[in-house]
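In order, the protein sequence lines correspond to chains A and B. Counting from 1 along the first sequence, just add 7 to a position and that's the residue number in the numbering used here. By the numbering used here, the letter at position 57 of the second sequence is numbered 39, and the numbering carries on one by one without gaps.
Everything labelled a hint here was simulated from the structure, so no lab data went into it. Remember, predicted model here, so these are calculated numbers, not experimental data. Glycine included, C-beta positions come from ideal geometry on N, C-alpha and C. This list has only true hints and no planted wrong ones.
Listed next, the in silico DSS-like pairs over lysine-lysine satisfying Cα-Cα at most 27 Å (straight line):
id: 1; chain 1: B; residue 1: Lys77; chain 2: A; residue 2: Lys438
id: 2; chain 1: B; residue 1: Lys256; chain 2: B; residue 2: Lys196
id: 3; chain 1: B; residue 1: Lys77; chain 2: B; residue 2: Lys105
id: 4; chain 1: B; residue 1: Lys21; chain 2: A; residue 2: Lys438
id: 5; chain 1: A; residue 1: Lys365; chain 2: A; residue 2: Lys445
id: 6; chain 1: A; residue 1: Lys450; chain 2: A; residue 2: Lys438
Just a few of them, taken from the derived set where beta-carbon distance is under 10 Å, the chain A residues facing chain B:
id: 7; residue: Val98
id: 8; residue: Val107
id: 9; residue: Pro439
id: 10; residue: Ser584
id: 11; residue: Arg592
id: 12; residue: Arg604
id: 13; residue: Ile632
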Amino acid sequence: MDLHFGDSKPTDEEREAVDALLGPPESSWEGADRTDADLRWARGGREARERRDLLLPGLHAVNDRVGWISEGALDHLCRRLTVPPAEAYGVATFYSMFSVKPRPTTVLHVCTDLACAAAGAAELCAGVEARLGLGSGVQVERSPCLGLCERAPAALVVRAGPQGDFAPAAPARPIPQGSAPDPAPRTPEGLIDADPSRVRNPLRATAVVAPATVDGAVVAATAPEAAGAEPPAAMAVPQAGQAGLNLLSRIGVVDPTSLDDYRAHGGYTALRRAFEIGPAGVIREVTDSGLVGRGGAAFPTGRKWQATASQPDHPHYLVCNADESEPGTFKDRVLMEGDPFALVEAMTIAAYATGAHKGYLYLRGEYPRALHRLEHAVAQARARGLLGDDVLGQGYAFDIEIRRGAGAYICGEETALFNSIEGYRGEPRSKPPFPVEKGLFGKPTVENNVETLVNVLPILAMGAPAYAAIGTGRSTGPKLFCVSGSVERPGVYELPFGATLGELLTLAGVRDRLRAVLLGGAAGGFVRPDELDIPLTFEGTREAGTTLGSGVVMAFDDTVPLPRLLLRIAEFFRDESCGQCVPCRVGTVRQEEALHRIVERTGADAASDIALLREVGRAMKDASICGLGQTAWNAVESAIDRLGAYE
Amino acid sequence: MTVIPLGVPRRLLEFTIDGEPVRAPEGATILDACRAAGKDVPTLCHGDTLTPKNACRVCVVEVEGARTLVPACSREAEPGMEVRTDTERARHSRKIVLELLASSVDLSTTPQVAGWIKEYEAKPDRFGPDAARVDEEPRVDNDLYVRDYDKCILCYKCVDACGDQWQNTFAISVVGRGFDARIAVEHDAPLTDSACVYCGNCIEVCPTGALSFKSEFDMRAAGTWNESAQTETTTVCAYCGVGCNLTLHVQDNEIVKVTSPHDNPVTHGNLCIKGRFGYQHVQNRD
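Let's have the full structure, built from the sequences with the hints guiding it.
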């Protein structure tokens, strides 16, 4: 490929940010000053192109530092990575957390999704927009679900600036984050060098504000480094500390930053057991346990592992899908923030079973604290020989690389996630071939959701029969539910499969005047208050004509106008469609337009638009490439059919 | 393509299309088999010289046992498969896809689409006068060709032809997301500031006329474009020794555009700037 670059040059700051990630350029082919040697030989070819997967981290590096991605920065990054600028521009414009136009260094993301909308996000947005206008140095952006539904309404502040320490694995010197409860975030004064230009430039910082008030959000946006610490992850687990928990047992009990504490509470016994029984033994246990994927698709995990392990092509990869973006879902965040070592251990076991030596953890970009905790956990595990060339002295090599998403719901689709990691636009691939055969970098890949992986620990600890005895015959084990909305105690609940919706809502303290419950998130479906005896199992919800999805249970009382909620769901899908296939790209727009037209209408006035919605919805379900388009009409359909919306 | 693949003869797979038994070589797509069996399945984003992208979804068919419809253009035939091309379900999706496209972009220069809209009884107007459209102005930023993205259905063919499937120039990409996605060069700059080498291979594969010769664009604007009055003559390019085939489209004794036969075993319809656009000297009569 013969790359063409424009005349734009990066600023020193942008060059520094890129070079901090990639190291100094080795030749003028990569953007260094030209030397005599460069005139005699060319660098390029496969070796130069094989670093394409660093494009997304590179874009993050620039955006973290400057707050947006300029022409010069993009060109420089392309030169460093031998990526065509047009493609890199296509990637940069794909993600909502990036901007290719200048913007203030601080961006305040205000969640406007379902739980937050019901908790007054509209007023919050209007309030902060009035206070943080032009010249405030803060850009306010309306955001899809931030995964903080238990503390709605939520806002996230991201301020660009130099990072105290670029090395991702440096737990001793944490990246200053208002969101992290670590001691005293470092102030700009305490920093690096005496260069006066640096001191004026405040450090990169993030802050989570939830539940957010206008004042709180404005203060945090103005000084994110000084924002108060986020409440511990255990606050999102009303059952924390109770006996009988499997997945949540350590949350609120162990120190999430301490490997020793994790080991003192049963950590790494499952990995030892895995080494005792060997890869085939692990797969047999997981298969016998009946574990199915918890990300929403409910595919048998053991079958997936077996299919990957038996592929002759190598290397094999493990990918952990932590791009938790389904509106209403926050279980993975709580797991990662409250018990990060469990995920590291579970990934090691999954990789060992499937013959992978490299694991990618794709974490959604809106989870600063989970990122921080996991970076720390991975570094600790590496330092203690639990990751690396010789895990636990067993001669097995495995390491984990954390990749950050940048605001794209679609990247939670398994093949879109591969494209995102590889440095391409996060568009789903067509299947077949399936990931177990050709996944990440075209190699056999096993991809599992965070909760799925964490389930492997109790399976190995208690044995498959004991695990399979939990839950029902066809849905085995414990399940996490993300309860939010009109309840007294929102949060993540662990219940064995088979509990009814009513039992769960009672546990969470459902409020009076319940109007509807959304199961499975925006891609799921609504059920009525008189359907609370639905058993929360895969087969039970299917029989009831709805879905368990990722475990979202969002309760709405009758004060929330249903048509507005449906419109918000439609807006969400319109914003998040990748645009690859026609049914979803245009269908989601037409769906939103129709719902907009009938937001104040009922009965005969709405009938023709509802008929139109049904026709478009049916084609989206039948003809879209991936699950996003195929499910984009589910929630609206269920609201019309089950709840009698617009009647 | 007319090239006969060498190597091991491919196994023939037996399956059924619309209840009739058919045989197709291993690796053939459902679309290949349908066309061999004389069944018409509409396609827009499918290119005979490109890897199927299956983005438009107008070729969807029903396959027994599949949860959703499957794109005929990319799904490989499997033994025992039961394919149905003309069910109510498949026709419904095709109709909606045509309506969604026709209500958002200008399909006036897309061959065959008017017939399909009629055949599937698609009514693009039913989304109302306020239905969002792509709404782009033609971009005329060079003397050779015009990018009229108001006609773009985002089939990805130009991107694939410019990229690793043929030209390896990588001048264009899909940028943005969802309904706002467009084809663009880096920083959405004019073509003249990009890596474009003006081979015109993107025009060759464009199914809608969104990409067109400047000569064609100007004549259409002036109302003088008349395909029925054009002759097509395939000849050999005289610029270098490769011997690419050129098809000269001539109207009123003037070359109005140059294409290349897709079944040419060497170039598969691809040319360089000289063969594609360097014909002015032929008609220089001074």
